[in-house]
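J.: Following the hints, position chains F and X against chain W.
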Amino acid sequence: MSDTLDRPRAMITAGAIDTDVHPPLPRQADLLPYLDPYWAETFQSRDVDVLELMSFPERTKPYRRADWQGEGDALVAMQKDLLDPLQLGQAILNVVSGAHALFDPYLQLAVCRATNDWLADQWLSRDDRLRASILVPFSNVAGAVQEIERLAGDKRFVQILTLAAGELPLGRQSYWPIFEAAEKHGLPIGIHAGSMLRHAPSHSGYHSFLIEDHIAMTHGFATQIASLIAEGVFAKYPALKVVAIESGVSWVPPLMWRMSKDWRGTRVEVPWVKDSPAALIRKHVRLTSQPFDAPEDPSEVETMLSHLLSDDMLLFSSDYPHCHYEGLDVLPRGVPEAMLQKAMRANALATYPRLGG
Amino acid sequence: MPEYVVCKLTDIPMGQSRRFTAGKRDIAIFNVQGDLHAIADRCPHEGASLCKGVITSLVSGDEPGEYRLERQGEMVRCPWHGWEFDILTGKSYCDPNRMKVRSYDVKVAPGETLAEGPYQIEIYDVSVQDDYVIVTL
Amino acid sequence: MEATELDREKTAPKRLGVVDCDIHPAFENPQELGKYLPQRWRDHIRDYALRTPNPFLGAMTYPRMTPGNGMRRDSWPPSGKPPASDLGFLCEQLLEQCNIEHGILQPLAAGAVTNNQDLGAALCVGINDWQIDKFAGPEPRLRASICVAQEDATEAVAEIDRRAHDRRFVQVSIPPRTIEPIGRRRYWPIFEAAEHYGLPIGLHTGAFGQRPNTPSGWSSFYLEEHYAASNSLQTVIVSMIMEGVFERFPKLKIVVVEGGFSWVPSLAWRMDREWKRMGGEVPQVKRKPSEYLRDHFWFTTQPIEEPEENRHLADLVRWIGADRLMFSTDYPHWDFDDPRFAFRTPLDPDDRAKIFRENAMALFRLDHR
Numbered sequence: 001m002s003d004t005l006d007r008p009r010a011m012i013t014a015g016a017i018d019t020d021v022h023p024p025l026p027r028q029a030d031l032l033p034y035l036d037p038y039w040a041e042t043f044q045s046r047d048v049d050v051l052e053l054m055s056f057p058e059r060t061k062p063y064r065r066a067d068w069q070g071e072g073d074a075l076v077a078m079q080k081d082l083l084d085p086l087q088l089g090q091a092i093l094n095v096v097s098g099a100h101a102l103f104d105p106y107l108q109l110a111v112c113r114a115t116n117d118w119l120a121d122q123w124l125s126r127d128d129r130l131r132a133s134i135l136v137p138f139s140n141v142a143g144a145v146q147e148i149e150r151l152a153g154d155k156r157f158v159q160i161l162t163l164a165a166g167e168l169p170l171g172r173q174s175y176w177p178i179f180e181a182a183e184k185h186g187l188p189i190g191i192h193a194g195s196m197l198r199h200a201p202s203h204s205g206y207h208s209f210l211i212e213d214h215i216a217m218t219h220g221f222a223t224q225i226a227s228l229i230a231e232g233v234f235a236k237y238p239a240l241k242v243v244a245i246e247s248g249v250s251w252v253p254p255l256m257w258r259m260s261k262d263w264r265g266t267r268v269e270v271p272w273v274k275d276s277p278a279a280l281i282r283k284h285v286r287l288t289s290q291p292f293d294a295p296e297d298p299s300e301v302e303t304m305l306s307h308l309l310s311d312d313m314l315l316f317s318s319d320y321p322h323c324h325y326e327g328l329d330v331l332p333r334g335v336p337e338a339m340l341q342k343a344m345r346a347n348a349l350a351t352y353p354r355l356g357g
Numbered sequence: 001m002p003e004y005v006v007c008k009l010t011d012i013p014m015g016q017s018r019r020f021t022a023g024k025r026d027i028a029i030f031n032v033q034g035d036l037h038a039i040a041d042r043c044p045h046e047g048a049s050l051c052k053g054v055i056t057s058l059v060s061g062d063e064p065g066e067y068r069l070e071r072q073g074e075m076v077r078c079p080w081h082g083w084e085f086d087i088l089t090g091k092s093y094c095d096p097n098r099m100k101v102r103s104y105d106v107k108v109a110p111g112e113t114l115a116e117g118p119y120q121i122e123i124y125d126v127s128v129q130d131d132y133v134i135v136t137l
Numbered sequence: 001m002e003a004t005e006l007d008r009e010k011t012a013p014k015r016l017g018v019v020d021c022d023i024h025p026a027f028e029n030p031q032e033l034g035k036y037l038p039q040r041w042r043d044h045i046r047d048y049a050l051r052t053p054n055p056f057l058g059a060m061t062y063p064r065m066t067p068g069n070g071m072r073r074d075s076w077p078p079s080g081k082p083p084a085s086d087l088g089f090l091c092e093q094l095l096e097q098c099n100i101e102h103g104i105l106q107p108l109a110a111g112a113v114t115n116n117q118d119l120g121a122a123l124c125v126g127i128n129d130w131q132i133d134k135f136a137g138p139e140p141r142l143r144a145s146i147c148v149a150q151e152d153a154t155e156a157v158a159e160i161d162r163r164a165h166d167r168r169f170v171q172v173s174i175p176p177r178t179i180e181p182i183g184r185r186r187y188w189p190i191f192e193a194a195e196h197y198g199l200p201i202g203l204h205t206g207a208f209g210q211r212p213n214t215p216s217g218w219s220s221f222y223l224e225e226h227y228a229a230s231n232s233l234q235t236v237i238v239s240m241i242m243e244g245v246f247e248r249f250p251k252l253k254i255v256v257v258e259g260g261f262s263w264v265p266s267l268a269w270r271m272d273r274e275w276k277r278m279g280g281e282v283p284q285v286k287r288k289p290s291e292y293l294r295d296h297f298w299f300t301t302q303p304i305e306e307p308e309e310n311r312h313l314a315d316l317v318r319w320i321g322a323d324r325l326m327f328s329t330d331y332p333h334w335d336f337d338d339p340r341f342a343f344r345t346p347l348d349p350d351d352r353a354k355i356f357r358e359n360a361m362a363l364f365r366l367d368h369r
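First to last, the protein sequences are chains W, F and X. The first sequence begins at 1 in my numbering and counts up one residue at a time. The second sequence begins at 1 in my numbering and counts up one residue at a time. The third sequence begins at 1 in my numbering and counts up one residue at a time.
Pulled out of the complex, with its shape left as it was, chain W reads as follows (with noise of 0.2 Å):
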């Protein structure tokens, strides 16, 4: 295992924008000072700390690299073990909290509020190459428009971000305030692995083991992509953004191919989808980098990657600190380079208009 880059890799790494990196999930003490009182008593009192989620749970191994446990300051250890050593340019801080999980709206929204302004206050304002997701309670639609709103106006929040499985598809009319928020401001709605559990991971229940649930999280991606397809969000928002983070990429051709095949004979029932899902995927859908689900021949992986048809997709993110790879091989073999070229930092650039400015 090598801490330092090959030269060439290194040269591409310079001035990236990594669009998927881990912060811990802040606990109970973390977020006291960003409470007002009656949530800090109830966070006392009810126990609220570690919001883990069992789909995603990040103090277990296959999410902690050995090498990578973010001891004592964990702004410190992620600037030594990433930003500094890939002189990346700016980095999307996303934390995937069980915020999304709980049960009530309110609760939540508390929850979502300060851990955006303890990312703001602990995280954005020490290191000015960073930027964050907008956790947002989308069991509580109005709470989360106010919450964006709230934060609209710092430019460092780049996102809203959501889980690959939740309480209903994702492109239900009921979550649309949330999507004319986000595409008035210009925040792409982030949607990271990880479920609610509100509903079975799988179409027979709930599997035996992690990685069953892990291997099955593209079922949930995909789902989500048809619904705001289907429910006809990307004609009733054509600016909005979606990234899939952490999907394994893969995945992703087959969708375009099955829906658009589907849709020429099912189109009259949704005749506001105008255009082949497979066009509006590669218009509004966004993909990061690690993991990569992929062929082991790097000649494969190319062919695999021409099936999307587009070279705009493609967002790098290291997925720090999670066990995908060693040392710093950070960006997946077999890419061609043009693809990675545009990966690195301007298909970013592209996707989250907030990063220019």
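Worth double-checking, as some hints may not be accurate.
[As the list claims (entries may be wrong)] Straight line, CA to CA, 25 Å or less: simulated SDA-like cross-link-like pairs of lysine to any residue:
(1) Lys283(W) to Phe221(X)
(2) Lys81(X) to Gln16(F)
(3) Lys286(X) to Cys323(W)
(4) Lys286(X) to Lys342(W)
(5) Lys61(W) to Glu281(X)
(6) Lys52(F) to Glu96(X)
(7) Lys274(W) to Pro64(F)
(8) Lys274(W) to Asp95(F)
(9) Lys236(W) to Glu63(F)
(10) Lys288(X) to Glu296(W)
(11) Lys236(W) to Arg68(F)
(12) Lys274(W) to Trp218(X)
(13) Lys286(X) to Ser208(W)
(14) Lys276(X) to His324(W)
(15) Lys236(W) to Leu58(F)
(16) Lys91(F) to Arg344(X)
(17) Lys342(W) to Ile12(W)
(18) Lys283(W) to Asn310(X)
(19) Lys274(W) to Ser60(F)
(20) Lys236(W) to Pro64(F)
(21) Lys91(F) to Lys81(X)
(22) Lys274(W) to Val126(F)
(23) Lys52(F) to Trp218(X)
[What the hints assert, rightly or not] Some chain F residues well away from chain X (every beta-carbon gap over 10 Å; in silico):
(24) Lys8
(25) Thr21
(26) Gly53
(27) Ser60
(28) Gln72
(29) Glu74
(30) Trp80
(31) Gln120
(32) Ile121
Derived by calculation from the structure, the hints in this document are not laboratory data. Cβ atoms here follow ideal geometry from the backbone N, Cα and C, with glycine treated the same way.
T.: For chains F and X alone, coordinates are given in the frame of chain W:
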């Protein structure tokens, strides 16, 4: 280009279609509000007979939840996969630039004129009193 | 690109003997199945209905786009009976026109997804008798599936024992939306029986299940459901591999029916990657997950994948292996594939022979009777 007399005008009632063989080709002729249109009776996707499909309007909508019916009777939906084709042009609605059904010129002529033309007669008993449908391949 | 007509008749194979792995026979009327049920269950259905997890009694949760709950519009026989209920017309429209040498029946009647499991077992017995009586008996080109109500493994095995000697049955059929992940041990007696008799297990995409069709709940539209249903087949593969089914039953063969196949390579890459990261959680998985996938699973081709660029279909065939794909029509459903035109990419002649005939001939031992 050979011209084929395929049927009497009255054989294709308004709003309906019929399949004919002209030469070696299967042709679907549609009667759209009294105007005849001929296209190949073969979906370019997997070969189904378009005459067995349903004649419909163009379904449109700009907003989610909006359903508009336009161009009544001018679209045919393939009996298998439901692909929609414009009866007037043969173009696929979903793939207008990449996929179309071949369309043919079709005209109506009185029976008394048929003896004059260089027509291939695919039917029997042409009578002078009736009008006939002629397809140009 | 200039507008073109796709006229592939010229290049279509002449008289290729085809095996169709997915034909859906239908009842002539709602009473027909009753003739194959004991009086007790006829009365039960009359008095209390046939209950499934579907919210409607009889109607589809996601109404289909064509009449008859999603039939080819040209599949009604001249007799006026329902599509695929008239053997003569089925032979003419499907077997003759498409040159089908053998066809595998996949009954979709509710036996396996009935809430009342005793009724489900009785329905399966009736459906199996009916397949022979009406279709596979009189028409030797057709072969039957042993339908079993998989949630009661004891009854399922009893039915397999009853039918396995009859070579007109060529597989065991269960739906993929099982109540628990199908790799769980409660289903292992079925795998044991199938392996014992050398019968593949066919898992056909199912329209009903007890769980939502997406992990975010129920989708709104049929467009979404038609895609989402295919995810249940991925669950089957992952569950069977991760629970160690193939370590215990090394000769077991699984056919994934009507689930698509474009996702198979991506799933294989994903399973292998996650296994590198989390393999310690599943010590019963001794080899790379993709190796079990390669050794134990076959895929039927309908609905044929239609990439935007036809040549991408050839990549899929290469990644999956032409020895693991088997042609199917799904007759008489709306998304039927015609063997003459379904593949929109040129196939190597050997691969074509495998996909359209040889793989199924060998897997189902169709040369034996």
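J.: Confirm or reject each hint.
T.: To see whether the hints hold, each was checked on the structure:
For the hint pairing Lys283(W) with Phe221(X), the CA-to-CA distance comes to about 22 Å; that is within 25 Å, so the pair holds. Distance hint between Lys81(X) and Gln16(F) is fulfilled; the C-alpha atoms sit about 24 Å from each other, no more than 25 Å. For the proposed pair Lys286(X) and Cys323(W), the alpha carbon gap of about 21 Å is at most 25 Å, so the pair holds. A threshold of 25 Å between alpha carbons decides the hint, and for Lys286(X) with Lys342(W) the separation of about 39 Å lies outside it, so the pair is violated.
Of the supplied pair hints, the one linking Lys61(W) and Glu281(X) holds, its CA atoms being roughly 11 Å apart against a limit of 25 Å. Only pairs whose Cα atoms come within 25 Å are accepted, and Lys52(F) paired with Glu96(X) is accepted, the gap being roughly 19 Å. For the hint linking Lys274(W) to Pro64(F), the alpha-carbon distance of about 11 Å falls within 25 Å, and the restraint holds. Taken as a hint, the Lys274(W) and Asp95(F) pair is honoured in the structure, with Cα atoms around 11 Å apart against an allowance of 25 Å.
Straight-line distance between C-alpha atoms of Lys236(W) and Glu63(F) comes to about 7 Å, which keeps the hinted pair within the 25 Å bound. Under the criterion of a C-alpha separation no larger than 25 Å, the hint pairing Lys288(X) with Glu296(W) is consistent with the structure, at around 13 Å. Taking the CA atoms of Lys236(W) and Arg68(F), the gap is about 17 Å. The hint holds against a cut of 25 Å. Note on Lys274(W) and Trp218(X): the hinted pairing holds, with a Cα-Cα distance of about 23 Å set against a maximum of 25 Å.
Between the alpha carbons of Lys286(X) and Ser208(W) the distance comes to roughly 17 Å, so the proposed pair stays at or under 25 Å and holds. For the suggested pair Lys276(X) and His324(W), the alpha carbons sit about 9 Å apart, so the restraint of at most 25 Å is met. For the suggested pair Lys236(W) and Leu58(F), the alpha carbons sit about 21 Å apart, so the restraint of at most 25 Å is met. Distance hint between Lys91(F) and Arg344(X) is fulfilled; the C-alpha atoms sit about 20 Å from each other, no more than 25 Å.
A distance of roughly 10 Å separates the Cα atoms of Lys342(W) and Ile12(W); the hinted pair therefore holds under the 25 Å criterion. With a C-alpha separation of about 21 Å, the suggested pair Lys283(W) and Asn310(X) falls inside the 25 Å cut-off, and the hint holds. Restraint check: the Cα-Cα separation between Lys274(W) and Ser60(F) comes to about 9 Å, which is no more than 25 Å; the hinted pair holds. Distance hint between Lys236(W) and Pro64(F) is fulfilled; the C-alpha atoms sit about 7 Å from each other, no more than 25 Å.
Annotation: proposed proximity of Lys91(F) to Lys81(X) is violated, straight-line Cα distance about 34 Å (limit 25 Å). Simply put, Lys274(W) and Val126(F) have alpha-carbon atoms about 47 Å apart, too far for the 25 Å limit, and the pair is violated. Restraint check for Lys52(F) and Trp218(X): not satisfied, since their Cα atoms lie roughly 34 Å apart, outside the 25 Å limit. Listed as outside the interface, Lys8(F) is consistent with that label: its C-beta sits roughly 24 Å from the nearest C-beta of chain X, beyond the 10 Å cut-off.
Every CB of chain X is more than 10 Å from the CB of Thr21(F) (nearest about 15 Å), matching its label as outside the interface. At roughly 6 Å, the least C-beta separation between Gly53(F) and chain X is not larger than 10 Å, which violates its mark as non-interface. At roughly 17 Å, the least C-beta separation between Ser60(F) and chain X is larger than 10 Å, which holds for a residue marked as non-interface. Gln72(F), annotated as away from the interface, keeps every beta carbon of chain X farther than 10 Å; the closest lies near 19 Å.
For Glu74(F), the condition that its CB be more than 10 Å from all CB atoms of chain X holds, with the nearest at approximately 18 Å. Not every C-beta of chain X lies more than 10 Å from that of Trp80(F), the closest at about 5 Å, which undercuts listing it as non-interface. The claim that Gln120(F) is not at the interface with chain X holds, since no C-beta of that chain comes within 10 Å of its own (minimum 22 Å). The claim that Ile121(F) is not at the interface with chain X holds, since no C-beta of that chain comes within 10 Å of its own (minimum 26 Å).
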